[in-house]
Amino acid sequence: MEVNPYLTPQQRKILEHARIGVAGLGGLGSNVLCHLVRAGVRRFTAADFDVVAASNLNRQFFFADQVGRKKTAALAENLRRIDPELELDFRDLKLTGENTQELFADCDVVVEAFDKADAKTMLIGALANSGIPVVAASGLAGFGKSNDIRVRKAGKKLYLIGDLVSGISPELAPASPRVGIAAAMEANTVIALLLGEEL
Amino acid sequence: MPKVILNGKETELAEGETLQSFLRSRKPGVKNPIIEWNGKILTEKDPLETFTLKDGDTLNLFSMVGGG
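Those sequence lines, one after another, are chains A and B.
In this text, residue positions in the first sequence follow our numbering: the first is -4, and each later residue adds one.
In this text, residue positions in the second sequence follow our numbering: the first is 35, and each later residue adds one.
Any given hint might turn out to be false.
Stated by the list, open to error - Listed below are the simulated DSS-like cross-link pairs for lysine-lysine, each with C-alpha atoms no more than 25 Å apart in a straight line:
{"hint": "1", "chain 1": "A", "residue 1": "K152", "chain 2": "B", "residue 2": "K74"}
{"hint": "2", "chain 1": "B", "residue 1": "K37", "chain 2": "A", "residue 2": "K111"}
{"hint": "3", "chain 1": "A", "residue 1": "K89", "chain 2": "B", "residue 2": "K61"}
{"hint": "4", "chain 1": "B", "residue 1": "K65", "chain 2": "A", "residue 2": "K140"}
{"hint": "5", "chain 1": "A", "residue 1": "K151", "chain 2": "B", "residue 2": "K37"}
{"hint": "6", "chain 1": "A", "residue 1": "K89", "chain 2": "A", "residue 2": "K65"}
To be verified - Covered stretches of chain A (chain B as the covering partner; in silico rule of three or more C-beta atoms under 8 Å from a C-beta of chain B):
{"hint": "7", "stretch": "12 to 23"}
{"hint": "8", "stretch": "28 to 39"}
{"hint": "9", "stretch": "80 to 86"}
{"hint": "10", "stretch": "118 to 132"}
Claimed, not checked - Every beta carbon over 10 Å from chain B, so not counted as near; a handful from chain A, in silico:
{"hint": "11", "residue": "M(-4)"}
{"hint": "12", "residue": "P0"}
{"hint": "13", "residue": "F138"}
{"hint": "14", "residue": "I163"}
Honestly, the hints are just simulated from the structure, not real lab data.
Here a beta-carbon is modelled for each residue, glycine too, at the ideal position from N, C-alpha and C.
Modelling step: build the complete structure from the supplied sequences, incorporating the hints.
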């Protein structure tokens, strides 16, 4: 069964052979994966060491009966309900400057999907000289200002998505619509890169 | 006076100034920046004190803020 019957044979070949890396399985990562799976991507390498919390359900692709479970296991289950034939290499580990490049070495594109700012810069720095395109996000907390979220290219292979200013704070929480916009734009950028479409 | 293009604007530079001293004096408020220097991607973990800026260099700073 094909999840996305609307692809051309050429598009299907490219998407099914691609391997996408995802660093973090929270509001960005879980939703990026949902979009990529529905679009027809099937091979993924991802890492997260966290468990599903009740406070994640405002924006992350998990369900109330999954609270307390490892995100890697719960998300694999949810994604396989969309496409049972996925090839998922999901690791329950913390990514660092030491292990990041090795884990994602065979990926065609890596998605930065962390919550914390210093983890975002760690991931970008770790892959800066790898030759692998990185799609990252910065500035997506709060509500409104949809048009402030956009894609910027930096260097040869870095794509930054967000408004670059709306960080989380006690006054500014992450919420499903804006995190979802950024996640969809990350997924759309990955697919544009794979298919050679305009960003 | 040598100048760099910082986020699209001409900005004056001291002769022989390093990337680290430039960022500290001109952009002290930018936390967790991704630095694009003549197309090369750097972070604050790179040895910025060893990179010397020169006239006509292009520098773009992107602030990485939390949330995801």
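Right, here's what the structure says about each hint:
As the CA atoms of A:K152 and B:K74 are separated by approximately 10 Å, the hinted pair is consistent with the 25 Å bound. Only pairs whose Cα atoms come within 25 Å are accepted, and B:K37 paired with A:K111 is rejected, the gap being roughly 34 Å. Restraint check for A:K89 and B:K61: not satisfied, since their Cα atoms lie roughly 31 Å apart, outside the 25 Å limit. Straight-line distance between C-alpha atoms of B:K65 and A:K140 comes to about 22 Å, which keeps the hinted pair within the 25 Å bound.
Of the pairs offered as hints, the one joining A:K151 and B:K37 holds, with about 23 Å between alpha carbons and a cut-off of 25 Å not exceeded. For the given pair, A:K89 sits about 13 Å from A:K65 by alpha-carbon distance, which is consistent with the 25 Å threshold. Proximity of the stretch 12 to 23 of chain A to chain B, defined as three or more residues with a beta carbon under 8 Å from a beta carbon of that chain, is established by the 4 residues found. Requiring three or more residues with a Cβ within less than 8 Å of a Cβ of chain B, the coverage given for the stretch 28 to 39 of chain A is violated, as only 0 such residues are present.
A count of 0 residues in the stretch 80 to 86 of chain A with a Cβ less than 8 Å from any Cβ of chain B is obtained; the coverage claim is therefore unmet, three being the minimum. A count of 5 residues in the stretch 118 to 132 of chain A with a Cβ less than 8 Å from any Cβ of chain B is obtained; the coverage claim is therefore met, three being the minimum. Every Cβ of chain B is farther than 10 Å from the Cβ of A:M(-4); the closest lies at roughly 32 Å, confirming the non-interface assignment. Against the 10 Å criterion, A:P0 stays outside the reach of chain B, whose nearest CB is about 31 Å from its own CB.
Look at A:F138: its CB is around 13 Å from the nearest CB on chain B, clear of 10 Å, so calling it non-interface holds up. In this structure A:I163 is not separated from chain B by more than 10 Å, as the shortest Cβ-Cβ distance comes to only about 4 Å.
Consistency note: the structure conflicts with the earlier hints numbered 2, 3, 8, 9 and 14.
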